[in-house]
Each structure stands twice: as structure tokens, then as C-alpha cells.
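Make the full structure from the sequences, and use the hints.
In the order they appear, the protein sequences are chains A and B.
If you read the first sequence in our numbering, its first letter stands for residue 41, the second for the next number, and so on.
If you read the second sequence in our numbering, its first letter stands for residue 5, the second for the next number, and so on.
A couple of the hints might just be wrong.
What the hints assert, rightly or not - Derived SDA-like pairs: lysine to any residue, alpha-carbon spacing no greater than 20 Å straight-line:
(1) A/Lys-222 / B/Ser-235
(2) A/Lys-222 / B/Ser-207
(3) A/Lys-222 / B/Tyr-31
(4) A/Lys-222 / B/Pro-35
To be clear, the hints were calculated from the coordinates, so they are not data collected in a lab.
Predicted model, so just to flag it, every value in this text is computed and none were measured.
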Amino acid sequence: MKEVRGLRATTQALGAIFWKSIKHYMRLPGSFALYIALPFLFTLLIFGMGRFVGGGSAPTYFAARTGTTNILVYEMLGSAVWMTSWVVVEDVGVSLRNEQVNGTLEQNFLAPIDRATLLVGMSLADIVITTAIFLVAVGATIAFTMPTDIVALTQAYLTLLIGLIPLFGISFLFAGIIIRFKEPYVFVQIVNVLFAVLTGTYYPVAFLPYWIRLISGLLPQTYVIEDMRQIILANQNMVSLYGNVFVLFALALAYPTIGYAIFKRIERKASVTGEFSKY
Amino acid sequence: MNSRNTSSVSRIGSEFKAAFLKDLRSYVRYPAWLLGEFISTPLWFFFFALGVTLFSPTGPNTSSMSGFNFFYFGFIFIILFSTAVWGIGQSVRNEQQAGTLEQFFLAPVNRVTLIVGRWARVFLTDILIVGYTTVIVYALGNEQPVLHNPALFFLSLGLYEVGLIGFGLFFAGLTMRIKSYNTLSNMVFFGYMILTGALFPISVIPVPFRYISMAIPFTYFIDLMRNAALSTSTILPESFEYLAATILAVSMLLIGFAAFNKIEEDARVRGTISAI
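This is the structure we're talking about:
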């Protein structure tokens, strides 16, 4: 089968997949509203529990452990990045499975475009969605609590964008695994909470045992959360955090390559065994 | 159509047993679900526990009631509440999506018995998950749950469960009306966690919002269970709170039952029972 090639054709295909994903979101505004609300709700929950445990001195104990008294921004940054990975895992990882269940996966795979275009197209819509989450969760929080630091938001957003690339790579890997093993929601349920625990969503990763920190170091969200907190709460910038930024770029190269390679391998095997149409 | 024979206790018992076994068989047919629940539930517990540790006193804890026990019971309340929202409520949605709801409703048995059968299965697996997580938490942190007054605790738990079944029935009815069920259930779930004192006492909630907490029946079930388990003080005078909780539990069951039947009747008239 001849595939569509060339910049213009690829751009058109990417645009079509992008709009399809955006239309899905617009059809379900409740899901989108939930993604926006969840960072606030989780933060509220952690804050309420913390107030109970620490009483009136809770902010002091918090500052002693994190170096900042700005609990809201600290927690919201973690929440927003966690929600970003939640969206990417659910969208890119599970969408192919949804196509499988709806019986449209074969049509998608028969379209004269390569798989990379298909996966990247789905990821593009997530950039818009995660940007919206970032602007509402982080942007609004900072605008209200530390309006003078609004400029730092741009650098924090850039860090998020770099971190999205390896995250997309991880989700390509998940997409392949889900096509192979089915049961996407169980998988997503475990992965989402695992990411929350490992990446320091509501606490510094230094709190975790050494061997768990090694795993945390393999996840891009760990660096994104840490860098965002440093940029917004400790007046650092991307230059001074070059070590973490470098690691993020390295992960941005490694994960999409590995994720896509594994996805292709599973896909090849599935096309031989007829796995695509099974659910 | 409800069967004329459903008034018989033995008939209801066999319907309940059949519904329970059907759901148990469906559940064990997908070991991934079981595995997912057994892995993710303790992870959620550790996730919250680590987050809260940042706010805890840096010195030794001299409190007679440890934060661990407070959150441990909160965690149980949340798991049980999820039974109502995702266990009972979602059951109708699952049958709807699988295209089996009409067959389910055409069976000459009481719908409510079928749904309560589902609740029993979810309750059983919840208890297993709670037990398993307790063992893990104890092994890792050497913290032991305490239960000062088991009799009162199980009485309060019974009231809570009666209320939950009523709430679950109401929610199961809603699935026939509202198609974005997942969004609604998530919002209700978070509302429960934040407002009812499951994870922190309602005294932490600022006053205008605390009135909302006090208007939610679950706040009192939780308060009584925690009072029985940890000897915490109650929101209302203890005996009055037990009376109020009993009235609330029975009312919730009756309202849930009536609401489910009404919504089902409406859906049958409009032909929307299977609309997904």
C-alpha cells in the first residue's frame, strides 16, 4: 500500500487527526471540565488533610520540608503536571484501544499514512488540552497568589512542553501494550497512581526510598515538577537548571524512539495473529 | 415487569444469590480487574499518606489518636463509598454498554435485588482489599489499626451501608438519565472526600462550607464510625446522632428505591433504557 508522503500531505493528515481528537473533546465537555477541576480538588484534599495533621503549624512544618510556605502553588504545580500525564496516558494510550472496541482501528490503520503520523496527530490534540490545564490550574493560581511572578510561567510552560515529548513516547509504548493485552482501564488506573507516587506530585521525591528514586529518575514528570517548582518558587531559570533540562531532552529522544519501536513490534505481531479485531 | 412472586422471602433470597454469583463470576473472569484493584488501592493510600507527611509535626507524635488511624478509617469509608457510586451505580451503565440491560430488566425478578446482589459482590471484594492493604501498611509502617468499640462500629457501619445502598440505587437510576456518568460520579466522589469528614474532620472546613458538610447524611455515618473506632467526639450529642443516622439511613434507602423505580418507569415510557 502506498503511503502519503511529503510535508504537505503529512501536515494535512496531522491536522485531520488533530481535529478529530479535538471534536471528541468538544463532544464531552464534562470530561474536559473534570481534568480542569481535578488538580484543584486533589490539592484541596491534601491541604485539608495536612491542616488536620499539622494544625495551625502545618505551614511551618511544610516549609521546613519543602523550603517554601507557598503550599497552594507547590501542590498545584504537582497536580497540574500529574493531570497532564493522566490526559496523555488516557488519550494516546487508550484511544487506539477505543478504536479497536468501536471497530474503527482497522480503517485507521488502512489509511495511507504511517503509524508515526497517526500517533503524533493524536498527541497534538493533547498539547492543546494540557496547555488549557496548565493555564487554568497553574496560570490562575499564580495570577491570584503571586502576580508579580507571572513571567516565570513562560519558562515553566516551556519545561512542560519539553516534558510532554518523552511522555508521548511512554504513551506510544502503552498504546502497544494495551492493544496486546487489552484491559486499558485497569492499566491506566495503575499507571496514573504510580506516576503520582513516583514523580513527587505532592512531596519532594527525596521523601521516597533510594531504590524508588531510581525509578522516579526515569520519569520525565519528576524533572518537570521539580523544575517548575524551582522556577516559580525559588527564582531559578532554565539555564540554572540545565542539568535537569538536559536529562529531559535526553528522555525526549529516548522514549519516543523506544516507545515507537515497541509499538511497531507489537503492531507487526498483531497484524499476523489478527489481534486487532479481538476484544 | 416485576414478578408477582417477589414477595416471597425465599424467592428474593435465590434472586439475590443468583445476582451475587453472576457478578462474582463476571469479576473473576477478568483477573486484570482484580489485579488492578489490588495494586492501585494501597498505592492511593501511600500517595495520600506521603502528601500529608509534609504537614506533620517534625518531632515525635504525642497525640493519643495517631493520624494513621484517622486516615486508615477514612480510606475504608472511601472504598465503601466507591461501592455505591461505581459498584451499584455503574452496574446499570455496564449492562447498558454491554447491551444486556434489556435482558436483565426483562427477567422476572426484582431489579433492586439484582442491584443489591451486585453490591454484595463489591462489598466482599472491598473487604478483601481493605484487609490486604491493612496487612501491607502494617508490614511497612508497623502501625496497627485500633477499634475501641466493635459493636457500635459495626452498628454504624450497618447504618452507613443501608444509606449507601439507597444512594447507590439513586445513582443507578441516574445512569439511565445522564450519559456523562463518569464525570458526575467523579465530582460526587470528590465532594464526598472533601466535605464529609472522611479524610479530615469537618472542623477543618471554614464555617460557611461546614454547613454544607453538616447537611450531608454521610458526615454523620462517618462521624459515628470514627467515634466507635477511635473514641473521637461526635458532632451532635452521641445518642441523638445515632437516632438521626438511623432515620437518615432508612430515608435514604426508601428514597433511593423510589427514585430508581420512578426513573426506570420514565425510561421505559420514553424508550431510553438502552440509550448510551
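Structure-based check of all given hints:
For the hint linking A/Lys-222 to B/Ser-235, the alpha-carbon distance of about 47 Å lies beyond 20 Å, and the restraint is violated. Between the alpha carbons of A/Lys-222 and B/Ser-207 the distance comes to roughly 45 Å, so the proposed pair goes past 20 Å and is violated. For a cut-off of 20 Å, the pair hint linking A/Lys-222 to B/Tyr-31 stands: about 16 Å separates their Cα positions. Straight-line distance between C-alpha atoms of A/Lys-222 and B/Pro-35 comes to about 12 Å, which keeps the hinted pair within the 20 Å bound.
Hint compliance for this structure: hints 1 and 2 are broken, all remaining hints hold.
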